[in-house]
Amino acid sequence: MAQSITITNMLAGLGRMAISPVQELGRVAIFFFRGAIHLFSLPLQADKIIDQVYFIGMKSVFVICLTGAFTGMVLGLQGYYTLVKFGSEGLLGAAVALSLIREMGPVLAAIMVVARAGSAMAAEIGIMRISEQIDALETMDINPVRFLFSPRLGAALISFPFLTAIFDVVGIIGGYVTGSLLLGINSGLYFSRVESSVLMEDINGGFAKSFCFAAIVATICCFQGYTTHLRKEGFGAKGVSLSTTSAVVLSCVMILVADYVLTSFLL
Amino acid sequence: MTVPLIEFNQVFKHFGDNAVLKGVDLSIYQGQVTAIIGKSGIGKSVLLKHIIGLLEPDAGEILFQGKAISTMTAAERKAVKMKFSYMFQGTALFDSMSVYENVALPLKEKGRIPFREIESRVRDKLAQLDLVGIEDKYPSQLSGGMKKRVAMARALVTDPEIVLFDEPTTGLDPIRKNAAHAMIAEYQKTFGFTGVMVSHEIPDVFYISQRIAMLDQGRIVFQGSCEEIQNSTEPVIRQFIRGQNPESIKAAPSER
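Listed in order, the protein sequences are those of chains W and D. The opening residue of the first sequence carries number 1 in the numbering used here; numbering runs sequentially from there. The opening residue of the second sequence carries number 1 in the numbering used here; numbering runs sequentially from there.
Just chain D, same shape as in the assembly (with noise of 0.2 angstroms):
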């Protein structure tokens, strides 16, 4: 059986009195994406950030390729951190910086890369997100349509191996969204990144992940393909895809 890229095994995280992950088990693979669906404010973006090290868990272990994270040298750590790239759900754009600085940043840090090298992958990224022409604006002028474009732009500029997108079409028009998901689509395809992807638009999301993780009360109440999501016959789940309120269904009987 292949061994999971990334695997939470019973993850807990509390915020002061406030339980947000109680026991979450979950297995994300290699050149796959997985969309992490869940009502908003259930911990999706908490659940994210556990992987990528902003957060570390109260109890249970995340393990990269079968090894605890928890259990790796400091230069273990930053060779796995180097392997990933994160689109923040609130852009985290640097406001003092210019659209082309914010995409060039992870590069221009790296130290090794020529000059010339880096302006031609940051505007070849800029194009295919058609955000040319406001190279030179600052984030604070642009629209939050554009701003999420330009976050995608910074996160996918460095080529990662495996991309965590918090919400990055939320905000968009229908034309843009589309783009935007196709683009990960294809760039999936082409690189073979491994995604992880937060996201309510379903069912847009069915169509570019391979698997769905849902998020509910602290756990993961479901794990599997698209296909057996929407052929679930848990109600939790079905009520979720279909936007349906449980208290109106529980209401409905009774009003005929």
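The following block holds chain W by itself, in its conformation from the complex (with noise of 0.2 angstroms):
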């Protein structure tokens, strides 16, 4: 009798640890679903989008510029030294233009907003909660998730894909730095084979995948933020760090694992 309790009990603790993720997937869904209709419900939050493509896109800029060109550096150097084995080095350019617009910009970009929006995000949103401003919101009859979520969310589609672009074209300047003015390769060849290899498709494919991201970012960091309260291993501020970690890694993963997928579908 005691044996099939510990059986039953057992099943059931695998049955809620399987259960359990599929629940939040659902909660996410549905939080992002109520988020992008409320883009559009009307009166549009304008005022608030531009503000926060201002703090996403604008603020972003200078880290995405930096991390772009020391990226698109160390791919001029690597893939310097691996083509000039098979006599290859005038691909340089190609392979760096194909690197960055394919797979390293819109991830690199992602993360890098990830790091300094989505974290922010999070803790802002995960404070407005503990702080009882998100039932001030709802007491006022007004829609939390239209008024905190939709416009980070707009802003985030807005400029993830132009991050995105900032991002690559420094990387190819990047690359240009360490392959032709430090390593000799000729600058006009370097820009021929850029011109030459890179077709609409790979810009197109980098944009949509730069779209995903933002919808994933934006939705991940802010779930976490909103949902804070009702973390079980943490409460008050505790509850706010663990929040944006959890944003924080859970959108990093998420991007990866999203790139992967797309990858195999835009190939």
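Hints are computed from structural coordinates only; laboratory data are not their basis. Every residue, glycine too, gets a C-beta built ideally from N, C-alpha and C. The reader is advised that the hints may include incorrect statements.
[As the list claims (entries may be wrong)] From the derived model, a few chain D residues whose C-beta atoms are all more than 12 angstroms from chain W:
(1) Pro4
(2) Glu7
(3) Ser27
(4) Lys49
(5) Leu63
(6) Thr71
(7) Phe84
(8) Glu119
(9) Asp136
(10) Gln188
(11) Gly192
(12) His200
(13) Ile202
(14) Arg219
(15) Ile241
[To be verified] Pairs of lysine-lysine residues, derived as DSSO-like cross-links and limited to a Cα-Cα distance of at most 30 angstroms, are as follows:
(16) W:Lys59 / D:Lys137
(17) W:Lys48 / D:Lys81
(18) D:Lys177 / D:Lys81
(19) D:Lys22 / D:Lys108
(20) W:Lys59 / D:Lys108
Assembling the complex is the task here: the two chains are given apart, and the hints tell you how they should meet.
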């Protein structure tokens, strides 16, 4: 009798472990759709979206330029010493540009925005949750998802492609600095290879990725902050810190998972 | 007999193993200020949050004008919610917004009120609460008492039909506390709103409330007029309104 109860409890625990992530995924999906619908509900929140574009997009430009430049420079160095073994160093421009536009630009730009703006989104909304500011919105008949999440989602969808484009361009220039200026590849050859190898579908693929990453980052970061009060592992400031950590870790993991899935569809 | 505006009918609420409300029956009438009194941590704020829908009862019903809120459609609930305003115990001011933006927010988000009208209503309300000159400050730059008054200004700026005050004057100095009480009483007379106020300010609440309800051990142990509660012979009520410790009363005869 006791043995059968133990087995039942084990199976119940296993069931809970399986059901819990599915339920969480469902809650995130509902949160995303509610935010996406309210993006277009009247009156439009253009002023709030512009504020968030400034915060998520404009304020990330410097860090995107910095990381883009060094990523391109490293690609230039590594690419040169790999290609020179095969006597194909002339293809460096193509290698740098395609790596950046197809893969590294959207992924690294998204991860940098997670670190800079995503964590801030989770922390800000989390603090609003624990200090009853979100409850206050509800009592004023202001939809908190519309007020807090929709403008951030809209701003991320606008900002991510631009930041990715900046990352790509700065990265290609970084590759030029190491490949041509430091290692002596002809600069005309470098840029002509960039021009001849990059197709419009590569650029579109990169932008499609950045759109998806924008939705993933905004949704995960805002959801983590929004549900801070439901955390069982920690309350108050501890809960906010856990939400922020989860937001960053989950966003980065989901960016890489989504990148693989999207790449397999796009190729 | 008058139908209560808001009625609690055997409302129960648990948080885990902690039973906070254990069958609350309470009637709140239109055009009156009802004060809810009771010891700290007894569940008065929980009761107040049930009225505005921030918390849902585990069992029992809350009726608005005789209709159970749980049976209302989303549109009906929204219409009911529009009549309410809530002043939080911890103020719940938006800390990334200035005082002006905090008070203006409920009007701005309606989206139908002209900018000039919003400005004049916000400035009027700030002036009435002695908050002129701090419009551009942020909540973190204000004292606790000032935050309370900003929260009150935000709660009253929409001229609501029903206002729920959660300890509106706790932490205020005696002068400002009296001013806030006078303002609530004056507003109530002028606009005739229905007020529900959680407060520990005894005897002040007797002067501004028409009805008093006392919550003790998860139940309403008294509801009636201010005169009735002051004349009550119930030991629990007498001890509370006189601020006497039941233990000291028990101990007193043996000490003599």
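Next on the checklist: Flag every earlier hint the structure violates by its number, smallest first.
Outcome noted: The structure conflicts with hints 4, 7, 19, although it agrees with all the remaining ones.
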